[in-house]
Amino acid sequence: MPTVDAVVSCELAPSFRVDQVLGMFDLAAEEKLSRRFAVEVPGLDEDWQVGAIVGPSGSGKSTVARQAFGDAVYAQGDWPAAAVVDGFAAGLSIKEITETLTSVGFSSPPAWLRPYQVLSNGEKFRCDLARALTSERPLVVYDEFTSVVDRTVAKVGSAAVAKSIRKGRIQKRFVAVTCHYDVLEWLEPDWVVDMASQQLARRRLRRPQIVLDVAPIHRSAWILFRPHHYLSGTLMPAAKCFGAYWGETLVGFSAWVRRMTRKREALDFREHRTVVFPDYQGIGIGNRLSETCASIIAGMGGRAFSTTSHPAMIRYRSRSPLWTRHRLGMVNKTGMSGLFVKSLKSRGKLHELNNRTTSASRITAGFQYVGPAMPCDQAEQYFHARPMPMGVSARLAQVEAIVYRWPGSTTARVARLLGLSREVVARELAELVDAGRLVRRGRGGHGDLFAFYPAGAGHRR
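Here the sequence shown stands for residues 34 to 494, where the numbers follow the numbering used here.
Think of the hints as simulated: they come from the structure by calculation, not from any bench. Some hints here could point you the wrong way.
Unchecked claim - Using 30 Å as the maximum straight-line C-alpha spacing, the simulated DSSO-like pairs for lysine-lysine come out as follows:
| # | residue 1 | residue 2 |
| --- | --- | --- |
| 1 | Lys128 | Lys205 |
| 2 | Lys128 | Lys200 |
| 3 | Lys157 | Lys128 |
| 4 | Lys128 | Lys196 |
| 5 | Lys196 | Lys157 |
When you get a sec, could you build the whole thing from the sequences and use the hints?
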């Protein structure tokens with residue numbers, strides 16, 4: 034095991050102000066200022082995959098890293114004013130680039146087409162990390178690791194890169210040089226050099242358990258996730274939507290719709306949209322959310338299917354015992370099912386094919402969920418829940434409370450009780466109807482044309 038013994042020194046430039054500082058703090062006047070760092074660092078001939086050099090600013094982290102690993106310390110370069118995928122070495126294939134970006138948790142294809150300069154700090158960090166990991170060297174030493182990103186991005190990014198290296202998706206050794214101790218348990222290094230004490234510790238911390246809560250969510254949440262999805266931004270009106278929460282933070286969205294195929298069964302559903310915010314990608318949240326939604330459908334006695342062209346999802350599900358793959362390859366030239374194309378022809382709307390986003394040019398894989406089912410009672414509660422629209426005001430809850438107390442209330446009555454205009458109340462009643470919280474029935478006669486009732490409650494006509 035080599036010992037790094039580094040001395041950093043510089044000349045003392047005499048001046049009046051220097052003499053003042055020496056006098057103020059009773060410092061000895063020396064011709065040279067120097068510091069010495071002596072610490073053991075594991076050698077490249079030893080068995081390890083991930084290491085870390087950590088310590089406060091000025092503790093000698095970078096000095097020791099350069100002394101121990103030399104040219105392996107990654108030097109960040111400038112990015113061109115072009116798409117991110119064009120900022121990598123010319124000899125790399127697009128498959129290698131996108132797989133590396135996905136491996137570090139930057140798996141949002143729309144963002145791959147944006148210039149580096151317009152990305153968030155978290156996205157820039159992952160792009161820099163991906164470019165470092167595509168270098169030809171078998172060892173990457175990344176200085177100032179996670180120094181410019183918020184701590185959530187730092188932890189998730191650390192877990193993503195460690196996971197990819199340990200699973201062999203990135204065939205390199207990696208050393209993080211950082212002043213942040215909070216990433217160590219997420220990076221799970223085989224060894225840690227702590228420059229505060231100049232001690233080497235051989236250990237592998239265990240990553241904290243990630244606990245996700247999945248709950249029904251209103252379709253209005255899609256507007257938050259739409260920019261990060263790799264397909265069309267549209268969401269089908271009848272989609273059943275679910276959200277993944279990490280603590281109280283919404284991090285993922287998944288929508289499911291009825292499966293429209295010739296051999297479908299009554300409770301067949303397919304995955305329509307699943308997205309995870311970029312800051313939380315790379316640690317398996319999307320797959321866990323999909324599997325939870327599929328278990329809900331299975332718990333109701335249905336079947337859950339999913340077709341995806343995302344390389345990371347295809348790779349994961351092809352190996353997972355919870356999914357069985359029934360198709361892999363390109364679909365027909367239109368990217369749509371034959372039944373749907375036939376329907377368009379019968380209605381004289383074949384021209385719509387040219388205006389639709391299809392999967393005709395992509396490799397896609399179809400899967401069916403075969404994992405455990407959620408208990409039936411719990412699955413029914415999840416599936417038939419009527420979540421409120423996101424960002425609703427307290428006034429909307431007041432409108433709903435009045436209708437629950439006085440079923441059959443009209444717009445005029447609710448407006449009178451709340452002291453609001455009929456126009457405002459009419460908009461909020463319509464929103465509650467769209468959310469499935471209330472039902473609207475025709476009254477006829479004079480006055481308001483409609484009366485409102487709690488969803489699922491009986492009432493007189």
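A quick look at each hint next to the structure:
no.	hint	in the structure
1	Lys128 / Lys205	holds, 18 Å
2	Lys128 / Lys200	holds, 18 Å
3	Lys157 / Lys128	holds, 20 Å
4	Lys128 / Lys196	holds, 19 Å
5	Lys196 / Lys157	holds, 20 Å
Violation of the numbered hints given earlier is absent; every hint is satisfied by the structure.
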